[in-house]
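Chains as they are written, first to last, in my numbering: chain X, 379 to 759; chain F, 18 to 416; chain P, 138 to 480.
To be clear, the hints were calculated from the coordinates, so they are not data collected in a lab. Being a predicted model, the structure only gives us computed values, none of them experimental. The beta carbon of each residue, even a glycine, is placed where N, CA and C say it ideally should be. It cannot be assumed that every hint is accurate.
[To be verified] Heads up, incomplete: computed chain F residues facing chain X, CB under 7 Å, no partners named:
(1) Asn186
(2) Ile388
(3) Met390
(4) Tyr393
(5) Leu394
[Claimed, not checked] DSSO-like mimics (lysine-lysine), calculated; alpha carbons at most 27 Å apart, straight line:
(6) P/Lys383 x P/Lys218
(7) X/Lys650 x F/Lys37
(8) P/Lys311 x P/Lys275
(9) X/Lys692 x P/Lys227
(10) X/Lys578 x F/Lys37
(11) P/Lys407 x P/Lys439
(12) P/Lys275 x P/Lys459
(13) F/Lys312 x X/Lys752
(14) P/Lys217 x P/Lys383
(15) P/Lys364 x P/Lys407
(16) P/Lys174 x P/Lys383
(17) P/Lys311 x P/Lys282
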Amino acid sequence: MAVHTLSYVQTAQADTLPPPLLVRGPIAWVRQNLFSSIPNTILTLVVVYLLYVVIPPVIRFLITDAVWTGIDRNACREDVIHRPVGACWAFVADRLSYFTYGSYPIPERWRVDVFFALMAVGIAWMLWLKAPAKGLGALYFFVVFPIASFILLTGWSAVGLTPVPTAFWGGIMLTLLVSIVGIVFSLPFGILLALGRRSKLPLVRLASVIFIEVVRGVPLITVLIMANTMLPLFLPQGVSVDRLLRPLVGVSLFSAAYMAEVVRGGLQAVPKGQYEGAMSLGLGYGRMMYFIVLPQALRIVIPGIVNTFIGLFKDTTLVSIVGLLDLVRAIEASRVDPIWAAPTVSYTGYAFAALFYWICCFGMSRYSIMVERKLAAGQRR
Amino acid sequence: MSTIAQAAPPSRGSVLYDPKIRGAAYQILLVVVVAFLIYSASVNAIDNLRAAKIASGFGFLENTSGFDVNQTLVSYGATSTYGRAFVVGLLNTLLVAAIGIVLATFLGFFIGVARLSPNWIVARVATAYVELIRNLPLLLQLLFWYIAVLRPLPDARNSVSFGLGFFLNNRGMYLPRPLIDGDAWYVVIALGIGVVAALAFGGWAHRRQMTTGTQYPVVRTGALLILGLPALVWILTGITAGNPIAFEIPEQTRFNLRGGLQVFPEFVALTLGLVIYTAAFIAEVVRAGILAVSKGQTEAADALGLRSATTLKLVVIPQAMRVITPPLTSQYLNLTKNSSLAVAIGYPDLVQVFMGTVLNQTGQAIECVAITMAVYLAISLITSAVMNSYNRRMAMVER
Amino acid sequence: MTRQIASMALGLGVGLLGAALATGASAQQTLANVKQKGFVQCGSNTGLAGFGVPDAKGEWTGFDVDYCRAVAAAVFNDPKKVRFIPLSSKDRFTALQSGEVDLLVRNSTATMSRDTALGITFTGVNYYDGQGFMVRKKLGVSSAKELSGASVCTQQGTTTELNLADFFRRNNLKYEVVAFASSDETFKAYDTGRCDAFTTDSSGLYAERLRASAPDDHIVLPEIISKEPLGPSVRKGDAQWADIVKWVGYAMLNAEENGVTQANVDQMLKSDNPEVKRLLGTEGKFGEGIGLTNDWAYRVVKLVGNYGESFERNVGQGSPLKIKRGLNALWTQGGLQYGIPVR
Numbered sequence: 379m380a381v382h383t384l385s386y387v388q389t390a391q392a393d394t395l396p397p398p399l400l401v402r403g404p405i406a407w408v409r410q411n412l413f414s415s416i417p418n419t420i421l422t423l424v425v426v427y428l429l430y431v432v433i434p435p436v437i438r439f440l441i442t443d444a445v446w447t448g449i450d451r452n453a454c455r456e457d458v459i460h461r462p463v464g465a466c467w468a469f470v471a472d473r474l475s476y477f478t479y480g481s482y483p484i485p486e487r488w489r490v491d492v493f494f495a496l497m498a499v500g501i502a503w504m505l506w507l508k509a510p511a512k513g514l515g516a517l518y519f520f521v522v523f524p525i526a527s528f529i530l531l532t533g534w535s536a537v538g539l540t541p542v543p544t545a546f547w548g549g550i551m552l553t554l555l556v557s558i559v560g561i562v563f564s565l566p567f568g569i570l571l572a573l574g575r576r577s578k579l580p581l582v583r584l585a586s587v588i589f590i591e592v593v594r595g596v597p598l599i600t601v602l603i604m605a606n607t608m609l610p611l612f613l614p615q616g617v618s619v620d621r622l623l624r625p626l627v628g629v630s631l632f633s634a635a636y637m638a639e640v641v642r643g644g645l646q647a648v649p650k651g652q653y654e655g656a657m658s659l660g661l662g663y664g665r666m667m668y669f670i671v672l673p674q675a676l677r678i679v680i681p682g683i684v685n686t687f688i689g690l691f692k693d694t695t696l697v698s699i700v701g702l703l704d705l706v707r708a709i710e711a712s713r714v715d716p717i718w719a720a721p722t723v724s725y726t727g728y729a730f731a732a733l734f735y736w737i738c739c740f741g742m743s744r745y746s747i748m749v750e751r752k753l754a755a756g757q758r759r
Numbered sequence: 018m019s020t021i022a023q024a025a026p027p028s029r030g031s032v033l034y035d036p037k038i039r040g041a042a043y044q045i046l047l048v049v050v051v052a053f054l055i056y057s058a059s060v061n062a063i064d065n066l067r068a069a070k071i072a073s074g075f076g077f078l079e080n081t082s083g084f085d086v087n088q089t090l091v092s093y094g095a096t097s098t099y100g101r102a103f104v105v106g107l108l109n110t111l112l113v114a115a116i117g118i119v120l121a122t123f124l125g126f127f128i129g130v131a132r133l134s135p136n137w138i139v140a141r142v143a144t145a146y147v148e149l150i151r152n153l154p155l156l157l158q159l160l161f162w163y164i165a166v167l168r169p170l171p172d173a174r175n176s177v178s179f180g181l182g183f184f185l186n187n188r189g190m191y192l193p194r195p196l197i198d199g200d201a202w203y204v205v206i207a208l209g210i211g212v213v214a215a216l217a218f219g220g221w222a223h224r225r226q227m228t229t230g231t232q233y234p235v236v237r238t239g240a241l242l243i244l245g246l247p248a249l250v251w252i253l254t255g256i257t258a259g260n261p262i263a264f265e266i267p268e269q270t271r272f273n274l275r276g277g278l279q280v281f282p283e284f285v286a287l288t289l290g291l292v293i294y295t296a297a298f299i300a301e302v303v304r305a306g307i308l309a310v311s312k313g314q315t316e317a318a319d320a321l322g323l324r325s326a327t328t329l330k331l332v333v334i335p336q337a338m339r340v341i342t343p344p345l346t347s348q349y350l351n352l353t354k355n356s357s358l359a360v361a362i363g364y365p366d367l368v369q370v371f372m373g374t375v376l377n378q379t380g381q382a383i384e385c386v387a388i389t390m391a392v393y394l395a396i397s398l399i400t401s402a403v404m405n406s407y408n409r410r411m412a413m414v415e416r
Numbered sequence: 138m139t140r141q142i143a144s145m146a147l148g149l150g151v152g153l154l155g156a157a158l159a160t161g162a163s164a165q166q167t168l169a170n171v172k173q174k175g176f177v178q179c180g181s182n183t184g185l186a187g188f189g190v191p192d193a194k195g196e197w198t199g200f201d202v203d204y205c206r207a208v209a210a211a212v213f214n215d216p217k218k219v220r221f222i223p224l225s226s227k228d229r230f231t232a233l234q235s236g237e238v239d240l241l242v243r244n245s246t247a248t249m250s251r252d253t254a255l256g257i258t259f260t261g262v263n264y265y266d267g268q269g270f271m272v273r274k275k276l277g278v279s280s281a282k283e284l285s286g287a288s289v290c291t292q293q294g295t296t297t298e299l300n301l302a303d304f305f306r307r308n309n310l311k312y313e314v315v316a317f318a319s320s321d322e323t324f325k326a327y328d329t330g331r332c333d334a335f336t337t338d339s340s341g342l343y344a345e346r347l348r349a350s351a352p353d354d355h356i357v358l359p360e361i362i363s364k365e366p367l368g369p370s371v372r373k374g375d376a377q378w379a380d381i382v383k384w385v386g387y388a389m390l391n392a393e394e395n396g397v398t399q400a401n402v403d404q405m406l407k408s409d410n411p412e413v414k415r416l417l418g419t420e421g422k423f424g425e426g427i428g429l430t431n432d433w434a435y436r437v438v439k440l441v442g443n444y445g446e447s448f449e450r451n452v453g454q455g456s457p458l459k460i461k462r463g464l465n466a467l468w469t470q471g472g473l474q475y476g477i478p479v480r
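Isolated chain X, as found in the complex:
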């Protein structure tokens, strides 16, 4: 036998390894997940140290050292209250109504509250996948709600609502308004553009492609500045466009281009057989799209639409650059107010805005993930 010539084959039984110390329980878990090797251990220690450096001061700032009540800057000044001062939540509490409504006249603010309520109903209706009467919901969200809100917020003397100039609108109300207008206008327009881009008519396709690619190729801020400075130039003399409307037009056009690409993805994902089936039934283009293709395509892209909306929602902060008093601008204006001139006021304002945006965006992204899972489950047959 030439077995022993294979030098790498062991001739004797190797010693048994010692039994693992622990394979279950928290200590084993820590071993496996945090200290499995030397580099891993170092990494773990570094990260723990980083957390130690970052988290306690943040908690101290936001909660432990924070000032919760007060009426002016003295409440939040170290030299006045003789203790370390973290976030000045008293400032946010004092300015909360300004952050919410801007300068909307106080006696009329119930109208904004009604607007919030109408919006909540609309959004819940649209987002709740199993909601009853979806078609009615779409009608409400894309037609009834915009018109009602418009009358409610701008006012209509005939029904006893005092007109409120848009110059007074601001804060969270304006932020939500810009996002909602963006979504209400961009979805239908985006669908049209997506259909245009996939159309067989060369000129329609060309026009859609040019619009989509140009808009997607430039930053939103340039679109907003364009809407702000050029819209008045393109209208006849003597006609002025409301200063709130200009950025709204910009935001709507901008998000429509992004929405178009999302919808196009959905249209492409609908199997060809569906188109062919519809055509063989003798449906025209409009009916085929409306009854067969779009319902399927839109269902597929709900997560994409929500993600686009998250982007749009974050991008609404840019309207502050063209002079609208959205939440960010309201905070910027308040933090330079001498009544609240204290060192931590700026950070507090930003922390408040961050909290607001984060809760909204994170919530929406969770929703989109949930829908994605549900849809995936539906496709798994």
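Guided by the hints, dock chains F and P onto chain X, whose structure is given.
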């Protein structure tokens, strides 16, 4: 057959239902509407401009600007033209975009890989980072970074000195500026030769390794070529003609440090904000890319005895790149477009200088907006073209 | 015709909201319009302490705001019959041209090109101003000419930015400009220490100084590097409305010159001074000449006060700004404010 064809009239009897005619009609309608909108808009614009006594055309680019900009990569002053101001803004945009893209790529890859780390705490921290940063508006982050950069720094009279002419204060960071002239050019040329030689060696070594399996010390040789060659030339010229490279050291004047190379806080805040924000998105792209590589690939590499870092570098990332490249490109473009938020923190980028100051001073909104948009569009198209060709090269060869 | 169709098409393109929010201009008959609406629509600052600023309840106060209230007092006998629209410096003139506001009192510099080319008329100067600099006291600077090498914060796209470049070039001084898009950001950057100096109209300097975290640490330098006559403006082509706005201003000046104040205006009705009698409408029919009642100036003084009172209350010694009268003193006291006589 033929009788049937003859007998069948156009299905509903009217040209209105002929898809070709309908299509043509729709397109004509579209052209008419678009042309009409453009026509009426231009007529109104001409009327309005005339009424407001605003000039039109691009002649204003030759006019003296009359305003100053702090960060200029090319020489510029209040007596320069608007055209020059445009160049200044464009270069500032490109500078922040280029540096931002490089840094965001590193940070993004790092975090993306960290999210998939077997180390529990590392993965969790990376996830928390992504979820926190991605869900906050960039503008808010920039405003935060701007005061977070400015606030803690000392004022100009109490600058922190790091020795060797490095200073830090709330006007920015000051570095010694190398003055390059005369013999110093030899050093610069040597540097260039070093880089080219190092790249050539790297390529040759790679090919050799592919064919023969022999490994060469690429990194060490490259470093020696890139650093050693200029150093050698520097020493040689130093012996023959005196030290060729002088440094301009920042000096304290009454208000500010003067001289040297100044890195402005606006630039730092903008770069920081863009990098941190974009890295969160890149991390997601990278994670998706890595997850798309089948697990069998990693397991096969493990079975071959490759270490996990090597597996990542040689097996996983190259395959993941195919998935990563297209969305990564759009993140690069997003970063470039987002750099226009500079306007909020006073960094003189293209939008701030050209769509802000120049537009307001000249009133020539149409020209300024058109030029700025065209620049971003050109950047987008060029980047897409480059990345597409790269993508084609990288694409899987289908069997 | 084409124009109308074009505008309709564009209006449709802009959307339902657009058509509804677009407001038509009306150059003529502003007074009739205002009377019919029941209030004066004023373009105001977005918030400049002392000149035009809304409080938490949305009540506006300030020197410029007083001017609007005085016009409302002259027209309606009620200074509260006025609505304010905050306007940024970019939008202000378009808002006036398009008829969105009846009157613009928003510390706007009167210049020839604005007066002749923009389709608006400046009715006078209610505040003589000029661009100045503010610095920190601890820098020990006493003149703008010492600012060589300094960093200066300014708002971009304004004449301020150009004047600044001119000043440093003329004096052959080096400086570093840091320009921001809005006045809030500009001032905050200065306050945070980004710049050594902050520049804007000197009235604005005093107003902004109040917003500093420690106002007493800052001083305004004596140099004025430009002429900035600030005044109210109206649309061109409505002479009657321009007269009303102009004469409300002169009435306030004349009242101060003749010692007519908010407190003593009722006694002054019995004054024998012919100038006072003409002003307060007990002699002559001057008010009817501008389409108002003859006691128009009485109402202005009674409800708002004379020029000096408004000045001191909003920006002068009675206010946190503590601006000295300086150029804005009456001509009898060495200033430039000179009310054209009512006769």
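Return the numbers of the hints above that this structure violates; sort them in rising order.
-> 1, 2 and 15
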